[in-house]
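A.B. asks: Using the sequences and the hints given, assemble the complete structure.
Chains as they are written, first to last, in the UniProt record's numbering: chain A, 1 to 266; chain B, 1 to 266; chain C, 1 to 266; chain D, 1 to 266.
If you are wondering where the hints come from, they were derived from the structure by calculation, not from laboratory data.
A portion of the hints provided could be inaccurate.
To be clear about the criterion: a stretch of chain D counts as covered by chain C if any three or more of its residues have a C-beta under 8 Å from a C-beta of chain C, and this derived list gives those stretches [to be verified]:
1. 59-67
2. 106-112
3. 232-245
Only some residues are given here: those of chain C computed to face chain B with a beta carbon under 10 Å [what the hints assert, rightly or not]:
4. L22
5. R121
6. H141
7. S163
8. A177
Listing some non-contacts, in silico: residues in chain A with all C-beta distances to chain B over 10 Å [as the list claims (entries may be wrong)]:
9. E32
10. D45
11. T145
12. R212
Glycine included, every Cβ here is placed at the ideal spot set by N, Cα and C.
There are 4 protein chains.
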Amino acid sequence: MPTHLSIAVDLDYGVPEPADILLQIEAAATPEQRLDEQELLIWSDDPIATIAGEEGIGQRCWLRATNRIQAAYRAKVTIDRPAAALASLAATPVRGLPGTLVAYLLPSRYCPADRFEGFVRQKFGGLSGGAMASALAEWVHEHMTYRAGTSDSATTALHSFASRMGVCRDYAHLLVALARAAEIPARCVAAYAPGVDPPDFHAVAELWLEGRWHLVDATGMARADELAIVAVGRDATDIAFMTIFGTATLIGQTVAVQRTTPAERG
Amino acid sequence: MPTHLSIAVDLDYGVPEPADILLQIEAAATPEQRLDEQELLIWSDDPIATIAGEEGIGQRCWLRATNRIQAAYRAKVTIDRPAAALASLAATPVRGLPGTLVAYLLPSRYCPADRFEGFVRQKFGGLSGGAMASALAEWVHEHMTYRAGTSDSATTALHSFASRMGVCRDYAHLLVALARAAEIPARCVAAYAPGVDPPDFHAVAELWLEGRWHLVDATGMARADELAIVAVGRDATDIAFMTIFGTATLIGQTVAVQRTTPAERG
Amino acid sequence: MPTHLSIAVDLDYGVPEPADILLQIEAAATPEQRLDEQELLIWSDDPIATIAGEEGIGQRCWLRATNRIQAAYRAKVTIDRPAAALASLAATPVRGLPGTLVAYLLPSRYCPADRFEGFVRQKFGGLSGGAMASALAEWVHEHMTYRAGTSDSATTALHSFASRMGVCRDYAHLLVALARAAEIPARCVAAYAPGVDPPDFHAVAELWLEGRWHLVDATGMARADELAIVAVGRDATDIAFMTIFGTATLIGQTVAVQRTTPAERG
Amino acid sequence: MPTHLSIAVDLDYGVPEPADILLQIEAAATPEQRLDEQELLIWSDDPIATIAGEEGIGQRCWLRATNRIQAAYRAKVTIDRPAAALASLAATPVRGLPGTLVAYLLPSRYCPADRFEGFVRQKFGGLSGGAMASALAEWVHEHMTYRAGTSDSATTALHSFASRMGVCRDYAHLLVALARAAEIPARCVAAYAPGVDPPDFHAVAELWLEGRWHLVDATGMARADELAIVAVGRDATDIAFMTIFGTATLIGQTVAVQRTTPAERG
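C.D. replies: Printed below as a string of structure tokens:
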């Protein structure tokens with residue numbers, strides 16, 4: 001049974017000096033999620049260029065902000081994504097993986113997977129495939145405490161592994177780092193989900209098993225079949241909702257995601 | 001006038017525990033470099049899988065090593081790459097860049113470009129495009145001292161920026177980080193070049209200007225028209241000649257690259 | 001001519017879970033600064049223990065906070081510190097330094113001095129002693145831009161060296177790291193000063209030359225003869241005004257420092 | 001019953017450019033360890049200055065090396081140190097600790113204790129004092145694997161916590177970081193011990209409980225009563241056997257420590 005989401009995002013940032021900004025907040029159109037309605041308004045005197053997202057998933061736009069950037073996004077999305085039983089999926093030896101997945105096995109800025117090989121071998125040595133993936137996801141879920149304000153844009157999976165605290169992005173980074181250390185391709189996904197509390201942009205992990213990607217939210221806030229994907233990438237670097245080549249200061253920001261019934265969508 | 005290179009690589013590593021290994025040492029076939037002869041021998045009991053390199057450039061192979069890995073690579077390559085006058089190339093506003101280049105504007109593990117925005121603005125504030133690119137390359141060349149043993153696999157561009165020392169990989173990381181901070185797409189390139197001293201795998205930067213990539217070797221060891229590209233990527237993570245999912249110890253390794261004349265190639 | 005300062009600090013923090021807190025906000029009594037009046041009020045149900053500061057300079061106190069910590073500090077301080085002409089001071093070879101100063105030559109968490117040896121040698125190679133110290137201080141002053149919000153508690157001198165931005169603490173860290181790399185003992189000092197804008201706790205560097213410590217404020221906000229020292233140490237770790245073994249959230253905080261005339265002090 | 005150790009160290013390093021060197025390899029004379037014989041020979045044309053170690057424990061010397069440094073150290077030490085039953089020691093609230101111990105509760109370069117508060121609370125939440133200390137030591141012993149070559153001078157306790165591998169210094173750093181996160185003062189100690197395999201300089205942790213320091217070797221190689229202390233400090237920064245203000249390359253180095261009987265000492 002499909003999930004229907006209504007999404008409303010409002011952004012307002014001050015930009016002290018003219019700066020290029022990459023905005024990435026639109027739900028992606030994919031075989032498993034349909035954009036029933038979508039509108040992105042950006043107040044800007046300069047032209048806006050829309051480009052494809054990483055891996056060709058979703059889209060993002062380049063803005064030139066002179067002293068302020070304001071954007072409003074409204075969308076209705078229908079998600080029809082089968083939720084696989086992660087634990088029962090088979091392992092794929094790395095030799096069987098296509099070249100395009102190699103990047104998702106390697107360390108990245110926030111997911112220094114090479115550092116975690118020892119822990120993964122020690123703690124989960126006998127596992128592989130879906131059994132490994134679900135054990136890692138469960139471990140992150142049970143050992144992390146969700147707490148805002150305990151992490152920032154410099155926090156890597158190494159920090160979260162020791163602090164045992166963080167927000168969705170930190171859960172995703174840690175799970176991605178552990179999965180890569182277990183030789184399971186893993187990437188980070190920006191998404192909208194109805195149960196995120198407090199409401200905000202959400203980030204989850206995506207693991208490659210049995211020939212396709214599987215969304216895994218280690219915070220437990222969202223199921224795979226209720227996530228509206230915005231962007232994918234190696235880690236938060238690629239999937240940030242806003243990347244500023246300069247500095248910006250928050251004036252206001254709200255993200256509202258609600259589950260609707262088809263009738264309400266009229 | 002094309003450059004002809006003869007390349008010979010021999011690798012020998014001990015692998016204490018069975019490990020998956022990604023080997024990336026073959027010169028790529030591209031419009032600007034032709035593989036006249038090529039042979040890669042790998043001593044292994046397990047099957048070897050060949051996959052595409054990042055961005056579809058070059059190829060790499062997956063090995064399973066049980067206690068030792070030995071490989072021999074021999075190739076003859078003809079390079080016919082026009083060397084552009086970097087400084088005269090025009091700037092492309094980021095809004096005009098295709099989505100596939102965005103990753104090369106963002107920070108990565110070894111190239112934390114966001115940290116360098118202040119320095120680039122302070123030192124090279126008025127420049128853009130090719131003038132910026134060549135000023136950055138020259139700055140790196142003049143302020144870095146090539147010295148083996150002063151850096152390792154944990155060394156980032158931040159470290160090299162302070163230590164002012166390193167090897168080719170550190171030069172490439174620093175130039176790439178600075179270029180991205182200047183909003184010029186930049187990536188790292190693994191290559192073979194005849195003048196590398198001591199002979200070894202080489203790494204250089206590649207900057208995007210006027211609609212194409214331009215090779216830049218900040219060490220000054222190689223010109224763009226005598227580099228045989230092996231792989232490209234965000235930084236050393238992607239272009240390593242060998243990535244081991246486990247541990248390996250060096251037994252022996254030689255890299256020999258010589259300029260030849262066509263007659264010698266028979 | 002002595003400087004007279006009037007200092008008023010009010011702190012108010014929420015402490016979600018009971019936590020031990022180390023508070024270090026009292027001006028130190030030293031031969032060069034006299035405490036004419038001083039009062040520290042702390043609202044706490046638990047006993048407070050007062051202990052000596054690092055190097056026996058100043059004092060700090062241990063608190064146990066159960067859900068909130070409030071403190072008010074009022075002091076009048078007379079500073080009579082001769083300001084040396086830094087540039088003319090002679091160099092002391094490290095062999096002539098007492099053992100207690102060695103720690104101030106070594107790298108510390110925020111001042112990874114070993115990383116900066118290359119830069120210091122390259123840029124200031126021929127200098128030593130006071131000429132080196134003043135050249136380093138001037139370099140930091142000219143190349144850093146004071147900007148709040150550009151750094152945080154994870155920012156090291158390596159980051160500031162690349163970003164060229166920060167607050168007083170970042171200026172101090174960078175100067176200390178550079179001085180140590182030049183084999184000049186250097187430490188960080190927490191202080192009160194009248195010209196700090198916006199008013200806040202202040203941090204400066206202290207360099208050892210000709211047998212004594214010399215205060216140097218690379219931000220240029222305060223002269224050595226108008227700084228009321230609170231604490232000294234290897235870096236911000238040691239001189240923080242508040243160290244929480246747990247978490248705390250800011251409710252309110254004001255720091256006011258004014259130059260007074262002796263008459264006003266009655 | 002006292003332990004008698006015979007220690008022999010030979011160092012030989014090349015120094016490409018003249019550099020100041022701090023050498024710290026002599027066993028300390030303390031109430032619990034007596035230097036029966038001791039000789040340190042250093043081949044150097046420049047005068048050597050001997051200074052006190054950190055906390056006044058042991059001594060170190062400043063050398064000026066022009067192109068090579070060679071040193072030979074021979075000593076016979078009698079250790080008479082009671083080994084306390086760590087687990088039974090009582091907790092001291094931080095408020096009861098003298099000011100001189102505060103530094104050993106704070107984060108340092110290799111022991112970022114603040115990062116570990118979450119883990120320590122989660123895993124060892126109900127414990128304190130000696131029960132906490134011995135639980136932490138046991139945890140490190142059981143979860144770390146001793147393996148040379150898996151760490152280097154940039155490896156912090158965060159890295160070891162994830163890699164679960166390292167050498168004595170990494171064990172010490174991790175235990176010290178965890179103990180500080182548990183509000184137990186902890187420092188690093190350089191020492192000689194007979195059972196270190198392969199023979200080398202050794203590093204252990206020292207925890208403060210019931211009013212005194214207790215040596216704890218998380219590697220399990222040495223007991224408290226057979227360690228000859230050389231130096232103490234916040235982490236490896238302070239206790240390094242050799243600190244070079246410049247660069248040096250290893251030519252040869254041997255460390256031999258043997259348990260002797262008093263008769264043999266003649």
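A.B. asks: Hint by hint, say whether it matches the structure.
C.D. replies: We went through each hint and held it up to the structure:
no.	hint	result
1	59-67	holds (count 4)
2	106-112	holds (count 5)
3	232-245	holds (count 5)
4	L22	violated, 30 Å
5	R121	holds, 8 Å
6	H141	violated, 13 Å
7	S163	holds, 4 Å
8	A177	holds, 9 Å
9	E32	holds, 21 Å
10	D45	holds, 13 Å
11	T145	holds, 27 Å
12	R212	holds, 18 Å
Consistency note: the structure conflicts with the earlier hints numbered 4 and 6.
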